[in-house]
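Novice: Chains L and W, in that order, are what the protein sequence lines are. Quick note: to get the working numbering, add 56 to the position in the first sequence (first position is 1). Quick note: to get the working numbering, add 51 to the position in the second sequence (first position is 1).
These aren't lab readings, by the way, just hints derived from the structure by calculation. From a predicted model like this one, the values you see are computed outputs, not experimental measurements. Some clues are possibly wrong.
What the hints assert, rightly or not - Here are the simulated lysine-lysine pairs, BS3-like style, with alpha carbons at most 30 Å apart:
1) K177/L to K74/W
2) K177/L to K205/L
3) K127/W to K291/L
4) K74/W to K205/L
5) K291/L to K205/L
6) K163/W to K127/W
7) K74/W to K127/W
Claimed, not checked - Chain L side only, calculated, beta carbon under 8 Å to chain W, not exhaustive:
8) G102
9) P195
10) M217
11) R219
12) S222
Glycine included, each C-beta is placed from N, C-alpha and C at the ideal position.
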Amino acid sequence: MILLHLGALHLADAEEISTPWHRLTPRSRVLCTVLLVFAIALTPNGRWLTWAIYAGTIAALILISRVNLHMLIRRVAVECIFIGIVIVGTLFREGGHVVWQWGWLRVTSEGLMILGSVATKAFLSLLVLNVLALTTSVPALLHALINLKMPPLLVAILASMYRYISVLSDEFTSMQRAARSRNLFSNRTRQRTIIGNMFGSLFIRTYDRGERVHQAMLARGYQGLPPLAEVPQPKQRDTVAITFTCVVALIGQAIYLGF
Amino acid sequence: MHHNPIDIYNLSYVYADGTHALKDVSLTIRPSERVALVGANGSGKSTLLMHFNGLLTPQVGQVIVGTLVVEPQNLKAIRNFVGLVFQNPDDQLFMPTVWEDITFGPLNQGVKGQELIDRATEAMQAVGLDPSAFGSRNANALSGGEKKRVAIAGVLAMHPQVLVLDEPSAQLDPRSRRQLIELLATLPLTQLIATHDLDLALELCDRTIVLNRGRLVYDGSTEGIMCNPELLAEHALEPPLSYSRPYCQLEDVTA
Chain L
57 MILLHLGALH LADAEEISTP WHRLTPRSRV LCTVLLVFAI ALTPNGRWLT WAIYAGTIAA
117 LILISRVNLH MLIRRVAVEC IFIGIVIVGT LFREGGHVVW QWGWLRVTSE GLMILGSVAT
177 KAFLSLLVLN VLALTTSVPA LLHALINLKM PPLLVAILAS MYRYISVLSD EFTSMQRAAR
237 SRNLFSNRTR QRTIIGNMFG SLFIRTYDRG ERVHQAMLAR GYQGLPPLAE VPQPKQRDTV
297 AITFTCVVAL IGQAIYLGF
Chain W
52 MHHNPIDIYN LSYVYADGTH ALKDVSLTIR PSERVALVGA NGSGKSTLLM HFNGLLTPQV
112 GQVIVGTLVV EPQNLKAIRN FVGLVFQNPD DQLFMPTVWE DITFGPLNQG VKGQELIDRA
172 TEAMQAVGLD PSAFGSRNAN ALSGGEKKRV AIAGVLAMHP QVLVLDEPSA QLDPRSRRQL
232 IELLATLPLT QLIATHDLDL ALELCDRTIV LNRGRLVYDG STEGIMCNPE LLAEHALEPP
292 LSYSRPYCQL EDVTA
């Protein structure tokens with residue numbers, strides 16, 4: 057999800073305001089978010105009341121964290137377009153009664169229910185993930201991942217991607233400009249070949265840069281595993297927040313147990 | 052320091068494609084010396100620099116850093132002894148924030164807690180960067196001069212005895228270049244500066260080493276070579292601008 061926004065690198069400028077949510081350590085914020093996402097995603101289809109409880113919690117979180125609503129909606133909207141394309145296929149599932157039919161295309165009540173459930177899950181998960189991304193800077197998120205015992209090498213790869221994606225996009229832009237300044241974009245068929253070549257040369261440059269970065273790392277004593285910096289210790293409020301998230305997740309699930 | 056920081060004996064290096072990058076190079080760097088390493092493109096400067104830090108190990112000959120021979124088992128100590136600043140700061144600043152980048156080296160050395168903070172703060176102050184203003188910034192958002200400073204701070208934080216710089220003034224505007232020269236002049240370390248900027252060499256270094264096609268062709272005073280346009284031309288170099296402007300010389304001033 058973070059990768060979708062790498063073009064807009066204002067991610068690092070996550071707002072540092074003082075709210076109860078911001079006062080939690082990044083590790084706790086990631087944990088709460090992951091717990092909620094799992095609870096939302098693992099709920100069986102059609103349990104609308106559970107999602108209503110989770111939606112209420114997320115709405116409260118949005119209010120508490122005073123996240124920029126305009127930015128949040130814009131980001132979720134962009135991501136929903138991608139997700140919409142992926143999940144539209146679920147509409148044509150077999151089962152239940154036929155609601156609408158056109159030739160062999162048939163929309164059933166079962167299909168509608170699944171589409172609604174998956175869309176709700178995706179929408180709620182995106183909301184809570186975006187709240188996390190908008191309130192926590194990428195370096196803090198990466199620290200939190202290391203703290204949560206994610207393999208350090210994987211986090212180091214993510215960190216390098218975050219660091220170098222704009223360098224690469226700058227390189228691509230300058231190549232594009234160089235091509236345009238020599239009128240190479242006047243012919244549509246050639247345009248495709250040229251863009252293909254650009255990607256090729258960008259790949260080779262990236263490889264070379266990777267070699268140089270690795271040498272720079274070795275020169276400063278890198279021995280295969282990235283060094284671990286110290287991270288803020290969790291306080292009582294962090295325990296409270298995680299417990300609260302667990303309780304909400306369980307209430308959401310328990311509500312259907314009686315039925 | 053009683054020993055020479057770097058001794059090189061009969062060093063030769065051939066790349067996998069058959070290019071002879073270094074041929075029988077021998078030299079000694081003395082403590083607290085500032086030495087310029089000049090030569091045309093492809094003369095072997097960068098290959099030589101990578102030997103100082105153990106990024107390349109000698110194929111023929113011997114490199115001794117401090118008291119240690121450059122060999123795989125000594126690399127950790129050698130890299131703590133010699134700090135290498137790369138030509139392109141984008142290659143060297145690989146961590147998401149300035150602070151993380153500067154603490155990368157000390158963390159690899161096992162430095163932690165307050166000492167880590169002190170070292171990084173000291174290094175940032177040494178290069179004239181305010182730790183509170185720059186620490187949390189992303190390396191993408193820095194100017195060329197600032198990136199260079201962060202790269203140097205990242206190396207200084209490891210407390211090396213020798214600072215090796217590859218083309219430090221490349222891609223810098225005149226003011227950043229001037230600030231860099233002033234900064235390097237204040238650092239009390241042994242310095243080896245590979246550069247095409249002969250004015251910088253003249254200003255900072257008393258001694259100059261000239262490489263041509265992998266061979267060491269001059270090792271002596273900087274003034275000695277800069278005043279010798281024939282020798283410079285022979286090795287594909289030009290006298291520094293401060294020597295070559297006729298209108299700056301008194302005898303050319305018309306009465």
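Novice: Next, verify each hint and record whether it holds.
Specialist: Hint by hint, here is what the structure shows:
1. Using a Cα cut-off of 30 Å, the hinted pair K177/L and K74/W is violated, with the two alpha carbons roughly 66 Å apart.
2. For the hint pairing K177/L with K205/L, the CA-to-CA distance comes to about 27 Å; that is within 30 Å, so the pair holds.
3. Taking the CA atoms of K127/W and K291/L, the gap is near 38 Å; set against the 30 Å cutoff, the hint is violated.
4. Proximity of K74/W to K205/L is assessed by CA-CA distance (about 49 Å); at most 30 Å being required, the pair is judged violated.
5. Of the supplied pair hints, the one linking K291/L and K205/L holds, its CA atoms being roughly 19 Å apart against a limit of 30 Å.
6. Taken as a hint, the K163/W and K127/W pair is honoured in the structure, with Cα atoms around 18 Å apart against an allowance of 30 Å.
7. With a CA separation close to 27 Å, the supplied pair K74/W and K127/W stays within the 30 Å bound.
8. The restraint placing G102/L at the interface with chain W is violated, with a minimum CB-CB distance near 42 Å, outside the 8 Å limit.
9. Because the beta carbon of P195/L sits about 4 Å from the nearest beta carbon in chain W, less than 8 Å, this interface hint is met.
10. For M217/L, the interface hint is violated, since its Cβ never comes within 8 Å of a Cβ in chain W; the closest pair sits about 10 Å apart.
11. Below 8 Å, beta-carbon pairs count as interface contacts, and R219/L has one with chain W at about 6 Å; its hint therefore holds.
12. For S222/L, the interface hint holds, the least distance from its beta-carbon to any beta-carbon of chain W being 5 Å, beneath 8 Å.
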